[in-house]
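Asks: Going down the list, the sequences are from chains C and U.
Taking my numbering, the leading residue of the first sequence gets 1, the next gets one more, and so forth.
Taking my numbering, the leading residue of the second sequence gets 1, the next gets one more, and so forth.
By construction, these hints were calculated from the structure, which means they are not laboratory data.
A hint or two may mislead.
In silico DSS-like links for lysine-lysine, alpha-carbon gap of 27 Å or less [stated by the list, open to error]: (1) U:K201 x C:K550; (2) U:K255 x C:K219; (3) U:K22 x C:K27; (4) C:K706 x U:K255; (5) U:K32 x U:K119; (6) U:K109 x C:K548; (7) C:K497 x U:K197; (8) C:K43 x U:K125.
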Amino acid sequence: MKLWLFIILGILGFVGNSQTQLSGTVKDSSDNPVESATVIIKKTNTQVIIAYTVTDELGGFSIQIDSVVKGLEMEIQSLGFMTWKNILEAQKTHFDIILQESVEELREVILKTDPIRQRGDTLAYAVSAFKNKSDRTIADVIEKMPGMNVLPSGQITYMGEPIEKYYIEGLDLMEGKYKLANESISADDVARVEVLENHQPIKVLDSLVGSDRTSINIKLKNNVSLSGKAELGAGFSPGLIKTTITPLLLSKKRQTLVSYQYNNTGEDLASNFKSFSSSQSLLPEFNTSKKGLLEVQQLQKPPFTPERWLDNSDHYGTINHLERLKKEMDLKINLSYLNGSRLEMGSQKSTYISSSDSLNYLESINNKYYLHSLDSKITLEKNTSKNYFKNELSSQSYWDSSQGLINNNASEISQQLSSPYWNLKNHFHILMPIGKQLIEFNSKTGYVSTNQELIVAPGTFVDFFNNGESYDQIHQYLEYRAFYTDNTVGLAKKLGKFTLAPTVGLSFRKEQFESEIITTITNTFPNTSNNYSLKSTTFFISNKLEYKDKIWQITLQTPLFVRSFKLPEYSISSKPLTFEPRIFVSKKLTPFWEVRLSGQISNSFGEAENLHNGFILKNYRSLVRYDPILSRQTQYNASTGLRYRNALKAVFGSLNFSIIKNKNNLIFDYQVSPEGGLAIKSIEQNNNQIQKNISFNFSKYLDSWKTTLSGGGSFYLVEQDQIVNNAFDRYKTYGQLYEFKADIDAEKWFGIKVNSTFNTSQLKSQDFSFNRVENWVNSVNAFFYLDKKQYLNGAIEHYYNNLQNSQNAVIMNIKYQYSFEKHPIDISLSWNNILNTRNYVNTQNNEYYNLQSLYVIRPSQVLLTALFTF
Amino acid sequence: MKNTFFWFFTFISISLCAQNLKDNFQYKATYKLTYILDSTATSFPKSEVMVLLIGENISAFSSRSKSLDNKPSVRGNSGHTSINAVTDLHYIVLKDYKRDFIYYTRQIKEDFFYYEQPKSLCSWKLTGETKTLNGYKAQKATTIFSGRDYVGWFTPEVPVSDGPYKFSGLPGLIIELYDTQNHYHFELIGFEKLDPKPAFKTNLKYYIHTDRKTFLETELRYRRDPFSYQKNPNLTISPEVHKKYIESFAEILEKENNPLERE
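If we strip away everything but chain U, and leave its shape as in the complex, we get (with noise of 0.2 Å):
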């Protein structure tokens, strides 16, 4: 009887912060993202391609093969893979300019969830310094976030107070955005006009909603056993193997000791 209260009331708290999420998006920023996950092994860093889509409303930032625009389909030696699995990041992060939200979404599995922060995350403090880059001008500013100093050099001549991951606030876009060790390194390196503006829609209501910490908690209890975290009543797989299976991710997980959030 209890059980079924608290699933009535989940209900009811999810039905009430439904967010339907719809907006059109105008431009796309591209960034690579230089970064190091295993901080035993700094002279190997990884990179990636980020997008920032930006709409009139809402903004997406994600790696670019979780992106919209860019349906698989690339042709390899006897086929072609989804580049959505070649990716360490598997975040979707909405910003909601209105509401003034970030919402941090992910999917496992068949379930997507979310979690949502104020989008005043860090508060940035201005330098007088600026410079050129990718011929836009730029201003450097400096904030703390999560455990790191950073450094973002921001153009007011994109109007756009946004940027890349959680970061935000500055009067137009981020262009370029490092910690101070340089673990991580976004630095723009495409902004276009998109033409058709392809249509953005999600309702959050079919998102499981939590809060940072138990996401971060289930993340990696799907991480170090995706075979327990749900399990395929049709799936057999001998003890041994599952034992393995574990040890393996345990050491990928291991050199994973570095990600962009400490806090």
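If we strip away everything but chain C, and leave its shape as in the complex, we get (with noise of 0.2 Å):
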């Protein structure tokens, strides 16, 4: 039991030749036993205690002396009670104490200063601390940093959640479009990374909203400084030419960063319009990226970095200025332009079986795009902690044309497209105490148009259109125009362990849609053109209620929706009213277990572009049409999980298991012609879709080796409706899905990286199967460490399919950079594609055929670069 109660603790002074054992019990007022009371010896002249206990469970104590029982006195004392005192005496030596309950409080020491808000509170990290000679971009130092990363795609991440906002000495200059600003700052000019974690960047919510969100802020060493990067490099074949100059003037009221960029050697400039910055809202975000509503024919993209296939050639340039017109106000005007081109070539054979016949179709393709495009973006930002406003004002500009040829064995076939589309949008965002409440307005306004046109030579779908004779040219004309205003108030209400968020919102569209087909012969033809519009409503109104402790977590929303749809071009006047609820629950079982459930319904409804009546030719070989009707599709969402994470062991593991069903009231009719032409009807009639999805992943870190294994795999099986050629068929496909591996750190100066991936799938209908799809990847990827100045890396890359020939591409890449100690120069020299493997071939099942895809990649590559900062 209470071993160190039968222990004296403390013996002092003299040793008296007789030893007393002094007991008893201590009680309160109402003859409960009081524990953890101290029992002290004091010396009553000196007041110093010689010796102490405490009493146990049932207020008994013993306490033995070893000196004369003498000028000393005993003392009692617990909190809440009286300290009870009394002199000793030498008979006496067993004591039944009753202490009296008190409410007189202990002396209390206030704090004086508060050394901690004194302090600075921001998690700084010194860029000296981190930075190597070697390291030249603020990127560089800011991917050593603890808890953060850089992706490939030039994300930042800490502790593996993406960064809210990129502050430059506390100013927002580039939002979401902070990559290029990361990449070019010189790290000798940066003093501090300051990471702000539990960042709230709106100061009115602060301290109201937590956040578990980080931002990091750059800290310069100067006021003032002008710093940059700039790339060159070289190298064939063909001729390849790479620059990049990024100056930078950055201070602490005004900022300007611009941008020149060129490249022909693979590096896609339009990835630089990429914003990081997310929303969340329950309204469904009006889409204005620009849409490819006409299209030539495209091949599927390879999946690995665009530097091994793309053929590109891209000016890029950008203006970014921010000016901090008084306090807590700042103007920024972002303008970004690109002009480029790309050359695609490859070829494609789709399969499609019916219960009779197989039928193949080869095409060879032959690309070339013309970007042009131009990004304007003015924001006004007002963020104080009374209140915030911030409105942006952002154009999108495109002028892009392509032109595809095709050939098909039987004849060839050019496309050619242009498809500008520009936008223009508003958003207004507004965040103001009423009363103790913080009201939370969010708009956004836009108008979106594009004019498409798509020629095809000849003219395919002759049956159609010329009763099977060959004609020369069909032109698909296209508008489509759209103005869409989406408005939210909200407000979020924590209450202990529980949030609560009520919104409400109301959107409006319109849409309008126009198109007409025309062709060199001169009948016309039925249900070629397109006239319509759509106007759209939609109010919602919503709670959300969060629960949040260690073992708890659940989240419920409860959206209902009014909607209301007119089409009076159909005559379709619709009013739909739904519910939407998603759950989710997470539940710790014991420190290792963890379970998560969760479910959501909702809905969604035809889109302008999908109720075209008249036929519209997407590409050369695709005419669709659909009913008009509006399309409602109902999904119910369910999975469940089960992770297992033992840190003790550095075992880590989950499996996890979803299904989603989608409600459909159309159904797609595919008519494959034996030229390939494709056309795609929607007729009305219930069917559903179901996906079901079982998945493990494990993980298990060897201390020993400084090497992590992991790997995972998942079954899925997707069953859906579908017509093709009038034979109505459900389409099943099973796929499985094994993934491993290995990642050794085993030296300092060497490390290996080792991926293997299987991919196999099954698409059958009830009558007829296709060909089993077997995909494998393998890779190995090594790195040296030469010393601090000189890295060198490896790479081996194996794909392969089971196609009847071409089975097996592989990739080799090589690449040194050495750097130097003196200047702020790096020189590397890669060789992309050694072996100069000119495809990569692909085989995929799609929802009811097969699809065999070359890549033309680019050839064997030497490029030697180097990399200035100033």
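Two independent chains are provided; combine them into the complex using the hints.
Replies: Listed below in structure tokens is the structure:
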């Protein structure tokens, strides 16, 4: 039991000859034992304690004194009781004590200063602590800071989560498009990188609404700094050129970033337009990104870095300026311009099977894309502790066009597409306190316009348009305009472990769709033009309830939607009312096991572009037409998972099961002609699609080998109804995927990564089945750190497909980098595709057909680049 | 099959010694800790504010940045940061007065770990020396703990047999504590009654129960290479960066060569 109760812990002073054992009980006035009361033996004259003990759960104590009792006193203390005191006498060795309750409080010492708050509370990393001589830009240094990573896309993550804001001296110049700034600011100009954990970028929400997101702030060494990056590269064959120059002028009140970039080495500069910021709203956001309503027939893109396959020539320029107008009020202007061209070459074979026969369609594809776009944005933001206001006016213009040439054995078909696209949008966001509550208002309004034209020569679908006779040309014109406004008002309230967030939203959209097919034949055809408009209104009211503690996490969202759709041309008018709840529950069963459950019901309704009753030539061999019926899809989604996490043994694993059921009111009817033409119609008929998936994964870290082994697998089944060449059938895809990885960091100078993924699937209908598809990808990537200045990387990738010929493709790459210590220059030499592999081949199953594709990748190339920072 | 049994027994053994700790804290003692984590840089001590929350049955000792009553809400230049991260000391030491146990707890990523020790870890020797500290009358005692000799000053005026870190067992609150090399020095800078009394509740059933040795090994594995400690499948990191990453952590760990507990 209480071992130490019987030990006398301290004995001081003269050791007397006599030993005295004192014992007793301590109780309160209602005769309950007082546990953990201190029993002290003191010298009366000096008040020095010479022995002590505490009482047990029965209030009992026993204490031994190695000295004479004379001149000693006993004190008994306990929180909430008056101190009991008694001068000891030689005869009395047993005490039954009753303590009196007391409201007397202990004397307090109030903190005068609060050292924590005086100290800066930002987690700041001094760049000098992490910077190696070979690090040039701040991105190189950030990559090495604890918890931070820069993904291949340029996105920064902290502890695995994307960062929210990228500030430079507290200013948000680039917003979500921070990649360029991060990769251009010289590491030498930066004093510190501040990590703002739990950062709430909106000051009025500070200390009201917690945030679990992290932002980072770049603190510069000087008040004003001119910094930047330049890169020059050349190689062969064919002649390769790469240039980048990015100067930045940064201060606390004014910041400018300008950049010009050019390359034909496969680096996709269109990715500079990518923004990493995200938004969450219950209203389905109006997709203002460029829509490919018409297209030239494209190839499947290979699933690895564009630098191996993208045949490009891209110019890109950007100007970004931020001006602090007055305290806490910023004006920003961001302009970007891209001018590029891409070549795409390859072939693909589509296989369609019906119960009677099978059909192969082979096409060789040769495309040229011309990209030409301007992206502009003006932002005004006021961020004070009283309120928040941000208005963003932006516009995107594209003047893209493309040319394609198809060779399908029988003939050569040329396609010309012009797809200019323009949008203008305004996003208004305000937060203000009303009483004690903070109200958030969000409004997005915009306009989208596109006039697209596809010319195919010679004309296709000859049976339909010209009784089987060939003809010269077919033109598809298409005009689409849309106006939209999405508005929400909401608030959030935190009550202990519960969070309540009611929101109301209203959106209105008007979409206008016009199209016409013109052929070189004089006949006119019915159903080849469209002209209609769709007006839709959505109102929703929702509440989000969240509960979170160490064991449970529950989120329940209960939105009620009232929608209205009007399509006067087809006399469609519909006002569906839907309830679309979602729930998420997770519970920790033991320290190692956790179970998760989630469920959701959601609805989506027809989009204007999928309501055309007249035919549209989507690409040279797809002629599409829908029944003038508003499509409706109801999705039921349920998933459950079990996680095992044993950090002590470094073993992790999970098992997940999910099922999705989609109920549709429209079914697609595909008519495949022997010439490869695909006529797609929608028919009103209830049908459903079901997806089931089981997946597992595990990982184990081997401490002695500094190696992580991980693996996983998944089994899935997708089934859906389709009509192909007038035959109604249920198509099922059974698939399996296995993955294995080993990351070995055994030595300081050497590391290796091994990866293997095997994927197999089979597409079946009730009557027949397609060939089984097998893809197997293996890669070995080795890294050598020769010394601090030199770095060598070699990689081999192997792709296997179970095709009849060209089953294997191997790609080998090597890269060497040398960093000068005295000058901020890096030289790198890379040799990509050493074996000069020509093609990447792939086979896969789509909903009702099999596709084999071949993509001509970049040839063997050597590139020498020099990178300077200034 | 074997594994299943192993898990089963782990589960059972966890359930058996499951502890539901519940209390309302009544007093808060604030200490300033001055410490030297790098014995090669003894002239640059670090300091941190530590908090001991005292209840009727339980006390909790931690860095103030981990403390219950200190929710992160500090305004910074362009936002604020949780001060959780701004500490070298990530533990919370719970002392259970009734069961006479010390629970050393620490969160690493998503997991909570704990190991337990008897509350009477060190045996104190009283000396006759007294002094007045912060207005409290204090008496000196000495002890040996985990490879260091300590001097502790306690005050019977606060009849709580508790103190900073794992130290307790004197007839009054320890208001100053330091090792004889003065590498770790705790000094009481505040003592106040809490009103309202913050509720404390934790169930050790959901903590990973381990022993001190295994815990230190696991913690070291995490500190040495947090990336490999628990792979995030959504995250890719280039091996080159990973290498540099490990190197910089090794440097940090090298500078943390002087922990409070030496053994």
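Asks: Each hint should be assessed against the structure and marked as holding or not.
Replies: Here is what the structure says about each hint:
{"no.": "1", "hint": "U:K201 x C:K550", "result": "11 Å, holds"}
{"no.": "2", "hint": "U:K255 x C:K219", "result": "25 Å, holds"}
{"no.": "3", "hint": "U:K22 x C:K27", "result": "24 Å, holds"}
{"no.": "4", "hint": "C:K706 x U:K255", "result": "22 Å, holds"}
{"no.": "5", "hint": "U:K32 x U:K119", "result": "23 Å, holds"}
{"no.": "6", "hint": "U:K109 x C:K548", "result": "17 Å, holds"}
{"no.": "7", "hint": "C:K497 x U:K197", "result": "18 Å, holds"}
{"no.": "8", "hint": "C:K43 x U:K125", "result": "16 Å, holds"}
In terms of the numbered hints stated before, the structure departs from none.
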